[in-house]
Amino acid sequence: MRPVGTSVPDTFPKLLLEHAQQRGTRPAYREKDLGIWQTWTWSETKEAILRLAAGMKSMGLRRGDAVAIVGDNRPHLYWAIVAAQAVGALPVPLYQDSVAEEMIHVLTNADVRFAVVEDQEQTDKMLEIRDRCPMLEAVIYNDSRGMRHYDQPILHLYESVQEKGAAYLREHPGELEADIAQGKSEDIAILLYTSGTTGLPKGVSLSFGNLIFSGEVGRDFDQLTDQEETLAYLPMAWVGDNVFSIGQAYVAGFCVNCPESPETVLTDLREIGPTYYFAPPSVYERMLTQVMIRIEDAGALKQWLFNTFMAVARRCGTDILDGKSVSASDRLLYALGELCVYGPLKNVLGLSRIRVAYTAGEAIGPELFAFFRSLGINIKQLYGQTEASVFICAQPNGQVRSDTVGPPTPGVEVRIDDSGEVFYRSPGVFQAYHKNPEATAKTKSEDNWVATGDAGFFDNEGHLKIIDRVKDVGRMSDSSLFAPKYIENKLKFFAFIKHVVCFGDGREYATAFINIDLNAVGNWAERRGLAYSGFTDLSARTEVYDLIQECVESVNADLARDEKLRNSQIARFLLLHKELDADDGELTRTSKVRRNIIDERYGPLIAALYDPSQDHCQIEAQITFEDGRKGTIRADLAIRDCKRVTESVKAAA
Amino acid sequence: MSERRHPIGEQLLSVDHISLSFGGVKALSDISLYVKEHEIFSIIGPNGAGKTSMLNVINGFYHPQEGEITFRGVHRKRMRPYEAAKQGIARTFQNVALFKGMSTLDNLMSGRLLKMHKNIFWQALHLGPAREEELQHREKVEEIIDFLEIQAIRKVPVGRLPYGLQKRVELGRALAMEPDLLLLDEPMAGMNLEEKQDMCRFILDINEEYGTTMILIEHDMGVVMDISDRVAVLDYGRKIADGPPDEVRANQEVIDAYLGVSHD
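Protein chains in written order, with the working numbering: chain A, 158 to 810; chain B, 398 to 661.
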């Protein structure tokens with residue numbers, strides 16, 4: 158194993174050739190097709206990629222051209238990325254659930270000439286916007302189902318491009334190898350558009366050097382080998398997938414497994430049993446919710462077993478995982494629990510073989526985090542950004558906390574400026590925002606320090622703690638600190654709450670919009686025999702308001718303990734009648750709240766929250782259906798006042 | 398629509414002068430219909446018009462007092478449902494009739510039963526030729542699972558699925574028989590708009606991909622008019638119209654039947 162920064166093959170196409178030679182028969186990709194896992198070895202992968210690259214070359218793809226990649230995680234699409242890189246072209250993965258309109262900006266901004274897409278759905282989008290993207294010349298589709306009547310000359314079947322490529326390779330021997338040899342570490346490897354909570358998405362260009370640095374950091378930090386198995390299910394347009402499923406996979410040479418369809422991920426997870434896994438907190442949360450629902454439905458004996466052994470795990474599981482000293486009797490009980498409860502449970506979840514798992518993107522609830530760790534699953538947190546090629550901070554084994562993101566990863570420098578903003582510098586720092594030098598200059602200084610836009614501080618163990626976005630940290634009218642995301646996260650740790658938007662900057666008291674979690678609250682309602690017809694109806698129930706009020710008041714009690722945040726306890730809240738949705742522009746594609754849009758759209762509701770004389774408010778909201786049509790829904794929302802813990806109460810207590 | 402992969406062919410099924418009554422109730426009176434190969438043919442009509450009875454007659458479940466059925470040039474008066482199945486007629490039911498305790502996969506495999514030839518001894522042992530045969534059937538079933546996009550529920554007991562998905566599984570089971578004629582009894586009943594749209598797509602795709610001839614019974618006029626090649630309208634056991642959707646839509650008798658006029 159070579160140390161960081163000394164990778165001899167310095168691009169992915171070069172690494173591909175090396176793996177095909179060194180571990181040609183090891184699996185590189187797997188995909189479930191017609192119910193059976195199909196495997197491609199490294200040498201088969203090499204063949205497929207070279208043929209595709211040559212095919213695109215024969216169709217006129219040149220060095221420096223941009224190639225869009227759109228679809229779910231499929232081996233064929235991962236190959237398209239490396240095939241483009243082999244020719245010296247620039248791959249641009251797009252979020253596959255974006256509507257056609259949203260894609261125009263990326264396709265035109267990146268001057269995309271070729272698009273490699275998964276199926277009919279994505280092809281239709283390309284055809285829809287083709288006349289507004291004049292650069293687009295060829296669309297290569299992988300799955301021809303339902304496309305028999307498509308005769309547009311711009312469409313090409315993936316396999317037929319590969320056939321052209323095979324012929325091209327015979328006619329021009331050595332040409333593609335020369336192209337690959339021409340690639341350098343500082344060439345742009347990929348252009349990733351960040352969803353951005355404000356404005357149009359910006360293209361972040363990352364070089365081979367950036368991604369290979371992240372691959373090597375990950376490999377050395379967690380001792381990844383070519384024996385790892387991962388499940389690639391997070392969007393290919395997201396930096397994390399590029400680092401985990403391409404960067405680290407190509408550096409360490411391990412196998413990337415692609416699920417059968419986005420709906421089957423949990424089944425596929427169980428069948429594959431990954432050893433290295435990444436998921437945002439919401440995925441872990443969904444797992445836990447499922448487990449809890451099924452346990453509540455289980456018989457008395459099973460419930461007793463579960464509860465008893467989970468108590469043991471809570472007491473000593475995390476310490477055992479961290480290698481701390483634990484009494485012999487607890488160790489014995491834990492071993493018994495592993496046999497009766499933890500082992501089978503991990504097996505059902507598909508987490509039996511996990512060596513390292515990461516969570517990032519959002520804060521993770523302490524209880525959720527402890528649940529998985531106490532089962533012996535080594536979940537750790539990391540803090541990263543697209544602009545950093547992911548790694549800024551990560552938790553080493555044995556130093557895992559739920560409220561920090563760990564010390565800076567090797568090779569990364571981090572500093573915090575006077576305003577509390579976090580800055581970093583590393584070999585992973587992005588090259589530039591595509592065609593946007595002003596934005597690049599604003600984010601990245603001359604000497605390569607990058608502003609994260611996050612406010613945070615180091616605790617006394619040297620672990621970084623992130624509070625909120627710098628621009629979102631505000632002041633209440635009495636000038637005390639208001640960190641909306643911090644409060645929102647605390648609320649979201651309750652299974653009943655899915656999304657929260659807090660208000661309070663420049664105000665006398667804090668308020669919140671809350672979205673209930675339809676699954677969890679629906680299940681709760683069912684148990685109580687509470688009939689409801691849908692999300693809107695359930696959200697309007699007094700009983701549900703009571704339930705959520707309890708959650709809010711317990712967060713208030715929690716906030717009251719913190720001198721700085723005492724004044725931002727939630728005074729009033731309401732339950733929104735519709736789920737905040739990325740299709741309506743209210744969330745980003747990675748489920749972050751877009752505050753400016755919310756402010757604009759729900760102005761009357763915010764006004765009502767700050768008008769103590771109102772206890773309900775009418776609202777009309779626009780919704781976008783999955784096929785892009787729009788409609789409106791109306792509702793009359795109740796507003797609830799909450800108890801706040803005041804000093805006098807505390808003194809009395 | 399541009400030219401079809403399976404152009405409409407000769408008559409596959411014809412039903413001539415069928416009358417069916419239960420005691421004194423006349424369910425069908427003197428009805429004649431025909432369906433051509435690769436066609437999507439719909440039977441519509443208000444509640445109690447005799448649509449399901451018609452399907453039951455074709456499928457051999459009811460035996461009409463009068464009339465004759467010709468399927469692939471063979472005349473018949475009486476037939477049992479399993480004979481119909483053997484000849485290549487599959488159907489789905491208005492109220493889903495699946496094996497609730499079995500998984501989606503097993504339900505679909507049950508649709509292949511008629512095509513399994515190895516005897517029960519080999520099958521019970523799951524050895525040699527029977528194993529080989531089962532693998533082939535499984536492959537066909539997996540193709541259908543992929544086609545209907547139900548991979549995620551492959552191993553879920555059908556009873557736990559929402560209604561819309563159960564309907565899709567039932568369609569899958571009928572498809573597993575690789576039928577020449579598929580009878581769909583209100584495939585869209587009780588579905589929401591999105592599920593209906595999905596089902597329409599599947600019906601059109603099946604016709605396109607496998608060339609399956611279909612007889613469809615449906616309440617929802619809009620849906621039927623969009624996807625059918627020909628439509629017949631029944632009212633009180635009588636056929637009041639038969640033809641391409643546009644023609645039927647303009648037919649005064651049909652409008653009356655749907656908007657309601659007094660029947661003496």
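In short, the hints are calculated from the structure, not lab data.
There may be inaccurate statements among the hints.
[What the hints assert, rightly or not] If you only want the chain B side, here are some residues facing chain A, beta carbon under 7 Å, derived:
{"no.": "1", "residue": "E539"}
{"no.": "2", "residue": "Q548"}
{"no.": "3", "residue": "A549"}
{"no.": "4", "residue": "D653"}
[To be verified] Under the rule of at most 25 Å between Cα atoms (straight-line distance), these lysine-lysine pairs were calculated in the BS3-like manner:
{"no.": "5", "chain 1": "A", "residue 1": "K735", "chain 2": "B", "residue 2": "K593"}
{"no.": "6", "chain 1": "A", "residue 1": "K189", "chain 2": "B", "residue 2": "K433"}
{"no.": "7", "chain 1": "A", "residue 1": "K459", "chain 2": "A", "residue 2": "K481"}
{"no.": "8", "chain 1": "A", "residue 1": "K459", "chain 2": "B", "residue 2": "K552"}
{"no.": "9", "chain 1": "B", "residue 1": "K593", "chain 2": "B", "residue 2": "K497"}
[To be verified] Residues from chain B that keep clear of chain A, each with C-beta distances beyond 12 Å, as calculated:
{"no.": "10", "residue": "L511"}
{"no.": "11", "residue": "K537"}
{"no.": "12", "residue": "G640"}
No residue lacks a Cβ here, since even glycine has one placed at the ideal position from N, Cα and C.
Consistency of the hints with the structure:
For E539 of chain B, the interface hint holds, since its Cβ comes within 7 Å of a Cβ in chain A; the closest pair sits about 4 Å apart. The beta carbon of Q548 of chain B is positioned within 7 Å of a beta carbon in chain A (closest approach about 5 Å), and the interface hint is therefore held. At a threshold of 7 Å, the smallest CB-CB gap from A549 of chain B to chain A is about 4 Å, leaving the interface hint in force. Given the 7 Å rule on beta carbons, the hint for D653 of chain B is violated: about 34 Å separates it from the nearest Cβ of chain A.
For a cut-off of 25 Å, the pair hint linking K735 of chain A to K593 of chain B stands: about 23 Å separates their Cα positions. Restraint check for K189 of chain A and K433 of chain B: the C-alpha separation of about 39 Å exceeds 25 Å, so the hint is violated. Proposed proximity of K459 of chain A and K481 of chain A is contradicted: the alpha carbons are some 30 Å apart, above 25 Å. The hinted pair formed by K459 of chain A and K552 of chain B meets the criterion: a straight-line CA distance of about 23 Å does not exceed 25 Å.
For the hint linking K593 of chain B to K497 of chain B, the alpha-carbon distance of about 22 Å falls within 25 Å, and the restraint holds. For L511 of chain B, the shortest C-beta to C-beta distance to chain A comes to about 22 Å, beyond the 12 Å cut-off, and the non-interface label holds. The claim that K537 of chain B is not at the interface with chain A is violated, since a C-beta of that chain comes within 12 Å of its own (minimum 10 Å). Every Cβ of chain A is farther than 12 Å from the Cβ of G640 of chain B; the closest lies at roughly 26 Å, confirming the non-interface assignment.
Hint violations for this structure: numbers 4, 6, 7 and 11, all remaining hints satisfied.
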